[in-house]
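Number of protein chains: 2
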Amino acid sequence: MDNNRFCVIMCGGVGSRFWPYSREHMPKQFIDFFGTGQSLLQMTVERLSAIVPRENIILMTNELYADIIREQLPDIKPDRILLEPARRNTAPCVAWAAWHIAALNSNATVMVAPSDHLILKPTAYADAVRAAFDFVDGHRNALLTLGINPSRPETGYGYIQAGEVICDNFHRVKTFTEKPNEELARVFVGSGEFFWNSGMFFWSVQAIIDAMREYAPDVALVMDRGGEMMGTAAEQHYIDVNYEACPNISIDYAVMEKAREVCVQTVDFGWSDLGTWGALYDVSPKDRDANVLHGTRAVLHDCHDNIVAVRGEKLIIAAGLHDYIIADTPDALLIIPKDEEQKLRIYVNDVRSKFGSRFS
Amino acid sequence: MDNNRFCVIMCGGVGSRFWPYSREHMPKQFIDFFGTGQSLLQMTVERLSAIVPRENIILMTNELYADIIREQLPDIKPDRILLEPARRNTAPCVAWAAWHIAALNSNATVMVAPSDHLILKPTAYADAVRAAFDFVDGHRNALLTLGINPSRPETGYGYIQAGEVICDNFHRVKTFTEKPNEELARVFVGSGEFFWNSGMFFWSVQAIIDAMREYAPDVALVMDRGGEMMGTAAEQHYIDVNYEACPNISIDYAVMEKAREVCVQTVDFGWSDLGTWGALYDVSPKDRDANVLHGTRAVLHDCHDNIVAVRGEKLIIAAGLHDYIIADTPDALLIIPKDEEQKLRIYVNDVRSKFGSRFS
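Protein chains in written order, with the numbering used here: chain F, 1 to 360; chain E, 1001 to 1360.
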């Protein structure tokens, strides 16, 4: 494996959309979603360990989750776990990772990957990731993003319009778009030119640092000021004191939408961001009544189009449920219509106000 | 307390109607149904301990449940726990208890009580039980049953028609009836003469032995043959060998419906046999949307007429459920429409065939 290749896994996110599976103290990425014995983060690390040296995997997280990560990934060395002292969206996180890696290896190429996505075709994924590294090895100024071949007119994602072909399935990016309405999403998908923005990026460490200095100078300034401490024992302390001064901004908005040499690799490897129970329903195999059963023993009668998530050996008997989300954990149970999922955040807030934060 | 008064608590029954709370290895009577820290059996023993000496409480059970009983009632002496080696309905059980008690005290009066019923007015219950003992003290040949003042035209119970008044609310029994259809049940309830057969009985030990010899001679014969061993160390072995020879027959059918001096005390002490989730729903307090919540933290939206039973500290968020039973235990979850409860037995059989007996 190429020692110049690094993976930055972002695993500091919080999300209540998968309640009760995900909680504030236990976000989605740390959960063994499919009862396989591995959390989404552990699966992500395992996938990437086949592609880059394991010691080149850097975990970016919030200090709240340091203990969970040490527990789930005991063989990742402490100096490969960077603890963000505040939530500042992806641009400052990506920047810190870049300056950190540059201090270790100024020739590095870097993949930035979310930790909480589902990949259903791991071989195709590994091939795409290797091709992406090869691409940024050869295009040292490029900022590459992965664009997912869209399977439906999803209104919950941003889209990337692919332009001129560079080689194979690598294109220049024509535009980044915000989440479209349904009509526009249909046009996007029908055109064949638009791809889902996956939040996966590749670049040489120099390209991203240069782009940061140009397009996100307030973020770059914080990192440049700490430059000499990067990769040393003083680094975490410097970040603890200065990170909060970074603006709260996404890498897409801060850099990708503005930079010149932005490219997209169009891919199709069974990707889901697992953003909602509904998204999980969509990507999962279904029984003949269109029910999705996750890690569960179920006896269903007159039940169709439900997603049922029950952990471990637990059994469910259900009847007369159509289009519901049923999600059970040892301390909480959710049963709501699929089309009311957008209210889940409100319901979980209700829970917090009634029963305190332990359930939220 | 009167040392001649004994209580026989029948706690050998098995029932799948409260699945998943009740299981074959853990029937309803052993369950802490209301999260109070006491099983229905423990509550029954506690209620009766205020009325008869605790050492005069005899537990009749199946040998399968001996360990559970010893654990739940560690202060009941082993010689007060009679282990039926086979299921033979109530007549042989009542007979064995009678012969056993007669060997201890030939002047005894006996209450026979189920172990798995709910009593919502314990003071009225205690008064009724004491009055019943007084009655059979004074009427040494009487076989007394308790008839519950019916609150609805229930088709799931047998009814007792009360005839001539003997004193207060004690009557001669005119007829015992099988479970009526709904039309007949309405007539029964409207008449004011019909009462639910509660399965609670009182008699002098001599009266029931005499009645058994006359009306259930095949049962009486088994007990008479072992007469000298009753109350001795040899008793259990004798029963282990001979009990199976008893016919499988209920005390109602074998004796009560045939005997001469059969009386009924009409009572009203907030009784429920807790025979079904629906029955539990009916007797339980409801929220303003007519939901019944048992031992649960719940956030319900657009939910009405449900019964929600979730154990301990567990939380439930539910939306859009009307007229459902939702019952959760650590290893099983039930969500079915209330009006499909009669199918629960079939569903649980499905479970057994699919996943083995551990869930049934």
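Since the hints were derived computationally from the structure, they do not count as laboratory data. Cβ atoms here follow ideal geometry from the backbone N, Cα and C, with glycine treated the same way. Mixed in with the good hints, there may be bad ones.
Chain E regions said to be covered by chain F (calculated; three or more residues, Cβ under 8 Å) [stated by the list, open to error]:
1) 1122 to 1136
2) 1339 to 1350
Here are the simulated lysine-lysine pairs, DSS-like style, with alpha carbons at most 27 Å apart [said to hold, decoys possible]:
3) F:K286 - E:K1179
4) E:K1179 - F:K343
5) F:K354 - E:K1179
6) F:K258 - F:K179
7) E:K1179 - E:K1338
Do the hints match the structure? See the list:
1. Under a criterion of three residues with beta carbons nearer than 8 Å to beta carbons of chain F, the stated coverage of the region 1122 to 1136 of chain E fails, only 0 such residues being counted.
2. For the region 1339 to 1350 of chain E, the proposed coverage by chain F is satisfied: 6 residues have a C-beta within less than 8 Å of a C-beta in that chain, meeting the threshold of three.
3. Among the hinted pairs, K286 (chain F) with K1179 (chain E) is inconsistent with the structure: their alpha-carbon atoms are about 44 Å apart, more than 27 Å.
4. Proximity of K1179 (chain E) to K343 (chain F) is assessed by CA-CA distance (about 47 Å); at most 27 Å being required, the pair is judged violated.
5. A threshold of 27 Å between alpha carbons decides the hint, and for K354 (chain F) with K1179 (chain E) the separation of about 45 Å lies outside it, so the pair is violated.
6. Pair hint K258 (chain F) plus K179 (chain F) holds up; C-alpha atoms about 18 Å apart against a cutoff of 27 Å.
7. About 21 Å separates the Cα atoms of K1179 (chain E) and K1338 (chain E), which keeps this hinted pair within 27 Å; it holds.
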